Amino acid sequence: MNFELTQERQMLQDTLRRFLADRYDTRTRNEILESDAGLSANIWSEMAELGIVGAMFTQDQGGFGGAGFDLAVVFEELGRAGVVEPFLDTAILGGGLIAALGSDAQKELLDQVIGGTLHLAFAHGEPTSRYDLAQVETSIVQNGQNVTLNGRKAVVINAEAADLLVVSARESGAAGGAGGEDGISLFLVPTDMAGVELQGYPMLSGGRAAEVVLNNVTLPVSARLGAAGKAFPAIAERAAAASVALAAEALGAMETAVRLTGEYLMTRKQFGRPIGTFQALQHRYSDLLIELEQVRSAVINAAGHLESDAKTRDWHVAAARNLIGRAGRMVAEDAIQMHGGIAMTQEYELAHIAKRIIMTDHRFGDTDYHLERFIALSAA
Amino acid sequence: MDLSYSSEDLTFRDQVRSFLAEKLPSEISEKMRLGQVLGKAAFDQWHSILNDQGWLAPNWPAEFGGAEWNAVQKHIFEEECAMANAPRVVPFGLTMLAPVLQKFGSDAQKAHYLPRILSGEDWWCQGYSEPGAGSDLASLKTKAVRDGDHYIVNGQKTWTTLGQFANWIFCLVRTDPDVKQQEGISFLLIDMATPGIEVRPIILLDGTPEVNEIWFTDVRVPIENLVGEENKGWTYAKYLLTHERTNTAGVGSSHAGLNAVKRMARAEVSNGRPLIENPHFAARLALVEIDLLAMSTTNLRIVSKAAVGQAPGVEASMLKVKGTIIRQEINDLARRAAGPYAMPFVSEAVEGDNAPPIGPDYAGPVAAQYFNNRKLSIFAGSNEIQRGIIAKVKLGAMG
Numbered sequence: 001m002n003f004e005l006t007q008e009r010q011m012l013q014d015t016l017r018r019f020l021a022d023r024y025d026t027r028t029r030n031e032i033l034e035s036d037a038g039l040s041a042n043i044w045s046e047m048a049e050l051g052i053v054g055a056m057f058t059q060d061q062g063g064f065g066g067a068g069f070d071l072a073v074v075f076e077e078l079g080r081a082g083v084v085e086p087f088l089d090t091a092i093l094g095g096g097l098i099a100a101l102g103s104d105a106q107k108e109l110l111d112q113v114i115g116g117t118l119h120l121a122f123a124h125g126e127p128t129s130r131y132d133l134a135q136v137e138t139s140i141v142q143n144g145q146n147v148t149l150n151g152r153k154a155v156v157i158n159a160e161a162a163d164l165l166v167v168s169a170r171e172s173g174a175a176g177g178a179g180g181e182d183g184i185s186l187f188l189v190p191t192d193m194a195g196v197e198l199q200g201y202p203m204l205s206g207g208r209a210a211e212v213v214l215n216n217v218t219l220p221v222s223a224r225l226g227a228a229g230k231a232f233p234a235i236a237e238r239a240a241a242a243s244v245a246l247a248a249e250a251l252g253a254m255e256t257a258v259r260l261t262g263e264y265l266m267t268r269k270q271f272g273r274p275i276g277t278f279q280a281l282q283h284r285y286s287d288l289l290i291e292l293e294q295v296r297s298a299v300i301n302a303a304g305h306l307e308s309d310a311k312t313r314d315w316h317v318a319a320a321r322n323l324i325g326r327a328g329r330m331v332a333e334d335a336i337q338m339h340g341g342i343a344m345t346q347e348y349e350l351a352h353i354a355k356r357i358i359m360t361d362h363r364f365g366d367t368d369y370h371l372e373r374f375i376a377l378s379a380a
Numbered sequence: 001m002d003l004s005y006s007s008e009d010l011t012f013r014d015q016v017r018s019f020l021a022e023k024l025p026s027e028i029s030e031k032m033r034l035g036q037v038l039g040k041a042a043f044d045q046w047h048s049i050l051n052d053q054g055w056l057a058p059n060w061p062a063e064f065g066g067a068e069w070n071a072v073q074k075h076i077f078e079e080e081c082a083m084a085n086a087p088r089v090v091p092f093g094l095t096m097l098a099p100v101l102q103k104f105g106s107d108a109q110k111a112h113y114l115p116r117i118l119s120g121e122d123w124w125c126q127g128y129s130e131p132g133a134g135s136d137l138a139s140l141k142t143k144a145v146r147d148g149d150h151y152i153v154n155g156q157k158t159w160t161t162l163g164q165f166a167n168w169i170f171c172l173v174r175t176d177p178d179v180k181q182q183e184g185i186s187f188l189l190i191d192m193a194t195p196g197i198e199v200r201p202i203i204l205l206d207g208t209p210e211v212n213e214i215w216f217t218d219v220r221v222p223i224e225n226l227v228g229e230e231n232k233g234w235t236y237a238k239y240l241l242t243h244e245r246t247n248t249a250g251v252g253s254s255h256a257g258l259n260a261v262k263r264m265a266r267a268e269v270s271n272g273r274p275l276i277e278n279p280h281f282a283a284r285l286a287l288v289e290i291d292l293l294a295m296s297t298t299n300l301r302i303v304s305k306a307a308v309g310q311a312p313g314v315e316a317s318m319l320k321v322k323g324t325i326i327r328q329e330i331n332d333l334a335r336r337a338a339g340p341y342a343m344p345f346v347s348e349a350v351e352g353d354n355a356p357p358i359g360p361d362y363a364g365p366v367a368a369q370y371f372n373n374r375k376l377s378i379f380a381g382s383n384e385i386q387r388g389i390i391a392k393v394k395l396g397a398m399g
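If you read the sequences in order, they're chains A and B. When the count follows our numbering, it moves up by one through the first sequence with no breaks and lands on 380 for the last residue. When the count follows our numbering, it moves up by one through the second sequence with no breaks and lands on 399 for the last residue.
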């Protein structure tokens, strides 16, 4: 047993934490949130230069990390600072799917991803998917050396900034549930391609997304990632990686929420003394610290099993996401409550941090979805 | 013990229903149903519709133009309004300031201000909280110094809800800094157009400018705008707070919110079935509904007991705590029900522009509302303060 970070990961954590402490304060982030792009191109390229994108990929893929614990280290820091730039979408999802399924020619794109010059988005969920990864109805018609896609993708995060979308579509079978897993393919679709229409909007917890309409989008078959109809295992593996990242991000954000709350309790005075001297608040604060340790362990469990067989991996991921969904809600709500009105204001750091914590519950399955997954996988 | 409404109550309920069906403008109820923010015009319109009907001030004595409904009638009205997606009446003039003026105001103040509250000519806001005086309201620092027939007011108020629409503010100010905190506070009525007042919006975490900071720099207020006696303001403030804390259970809002969640959960599909049939979601929904069912009866028990004009005591604190927990739980359910479509933040969805919605129309504002309604357990005496009151009263009675 050893719960220490390796020397490399410790360095990665230190570097990233220092960089974000210097460059990513509340005001900077609020400017990014209010910008049309919803992300900072400068911050993105500086962080790529620091190797943060590279840390999401294995050495074989051109990076220097790629394991569950690398994701956890990076996303904990991103969460701590409330970073809104799309590391999940460009690196873990888009880049990760190219790395898992791409041809040698397609994998050459990874150099640009790692270098910070290529943005990606995973256009997978559809208006009725909720969290069902197999609910894909976007259609494919193959005609010789071309394929034509038609469909609609929902809440595609980073779509507007992306050069390429990784689009899922159905070659065969019916959408939804375990039966819908077979028959899904992925395609690399340039966002400026004829027939691709984006309706963009900001998101409540930062960043931007778009509704993507695919209207007779015609591509060469070489745009397909991997074998026809066989993309689901890679999608499920990347969804698990995304869940590890989201769990770690929530952990980092919760650490900030609890730190801010502790500081506030000891500085805010009412009735002539710091409010942290009231036992009612002391106990609630202690409960947050207890939950935080649970969350940290849940992240370790999930990250440590990301490379396990699919069932073990998903069982741990479901456990972590369910626990973090519950603990996250408690931490976000109690941190706001103990602050009072100040935490309700946009210019206070906790407002954004609380939104990050809560809104992770809306990606790749919420608390209840992961509870059901855990029960189903326990019985399987 | 009789849980059913009397035939008079049922007749009254039918009257309320047909009034709402006939008079509540559909563009207002539609905005309410979708959780969109109302502008001043919509509030004014509804205020004036209620006033024309004579139903604007059910709490007021008849001599001032009140409807003098009994507790059950008030409950029926609130419930029916919420279910019909009617807006809540802006409370600052009608249910907060007016009872204070009726009990402690001069005849001239009553004659001048009360009709203007009914007519909607004056929109009042509340100048209580300060940056350093929240839960510890009595530590407020905004000071008023007597200068001939004026007070000179300097200081800052905060969290002033809808202060941007107000033309008058009632304020707690310090008129004697040398005595016990509670004994040096006065209650002043201030015209917002007076030179030296500045309103600065506070943007909340859901992006809305719902509350404000109000700054006072050498603001001259005529002494006839003092309510009651100088340095007795704390008594009036506490009287007002007991009125602020009535109807904090928000039973009607909770019922309407629960219905909205059910509609969403019927439309959303999870594992090939309507979300409302998902056992985990259904269980969450059922637990809230069970709590609400009981609280609704608690609320009726308490309002039935309270004589007209007499504010309930510690029970109001109990209802505030339980009522806000339930409302916040319903907001959480709405957020969950929306799934990934809770993520988009489209201010038009909240502010009600005519832009096409992203995803289903019900999903747009739910996450913003979830965050916005964290205020429920913070404002009007935080739930911690309420619990303190309950323990102090109940344990104090035993000591």
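Among these hints, one or two may not hold up.
List time: in silico DSS-like cross-link candidates among lysine-lysine, alpha-carbon distance up to 30 Å [as the list claims (entries may be wrong)]: (1) B/Lys-110 with B/Lys-392; (2) A/Lys-269 with B/Lys-322; (3) B/Lys-31 with A/Lys-269; (4) A/Lys-107 with B/Lys-392; (5) B/Lys-23 with B/Lys-238; (6) B/Lys-232 with B/Lys-262; (7) B/Lys-180 with B/Lys-238; (8) A/Lys-269 with B/Lys-103; (9) B/Lys-141 with A/Lys-269; (10) B/Lys-40 with B/Lys-180; (11) B/Lys-232 with A/Lys-269; (12) B/Lys-40 with A/Lys-269; (13) A/Lys-269 with B/Lys-74.
Partial chain B-side listing against chain A, Cβ under 8 Å, derived [unchecked claim]: (14) Phe-43; (15) Leu-162; (16) Phe-165; (17) Gly-207; (18) Lys-322; (19) Ile-325; (20) Ala-380; (21) Gly-381.
Keep in mind the hints are simulated off the structure, nothing from the lab. As the structure is a prediction and not an experimental result, all values here were calculated from the model. Note that beta-carbon positions come from the ideal geometry of N, C-alpha and C, so glycine has one too.
Going down the list of hints, with the structure as the test:
1. B/Lys-110 with B/Lys-392: 35 Å, violated
2. A/Lys-269 with B/Lys-322: With a Cα-Cα distance of about 27 Å, the restraint between A/Lys-269 and B/Lys-322 holds, given a limit of 30 Å.
3. B/Lys-31 with A/Lys-269: 40 Å, violated
4. A/Lys-107 with B/Lys-392: 68 Å, violated
5. B/Lys-23 with B/Lys-238: 36 Å, violated
6. B/Lys-232 with B/Lys-262: 49 Å, violated
7. B/Lys-180 with B/Lys-238: 16 Å, holds
8. A/Lys-269 with B/Lys-103: 34 Å, violated
9. B/Lys-141 with A/Lys-269: 14 Å, holds
10. B/Lys-40 with B/Lys-180: Status violated; Cα separation ~40 Å.
11. B/Lys-232 with A/Lys-269: 25 Å, holds
12. B/Lys-40 with A/Lys-269: Given that 30 Å is the threshold and the Cα spacing comes to 36 Å, the pair is violated.
13. A/Lys-269 with B/Lys-74: Status violated; Cα separation ~39 Å.
14. Phe-43: 21 Å, violated
15. Leu-162: 15 Å, violated
16. Phe-165: Hint violated; B/Phe-165 Cβ to chain A Cβ min 19 Å, cut 8 Å.
17. Gly-207: B/Gly-207 check passes; min Cβ-Cβ to chain A is 7 Å, inside 8 Å.
18. Lys-322: 16 Å, violated
19. Ile-325: 11 Å, violated
20. Ala-380: Hint on B/Ala-380: violated, closest Cβ of chain A at ~12 Å, above 8 Å.
21. Gly-381: 11 Å, violated
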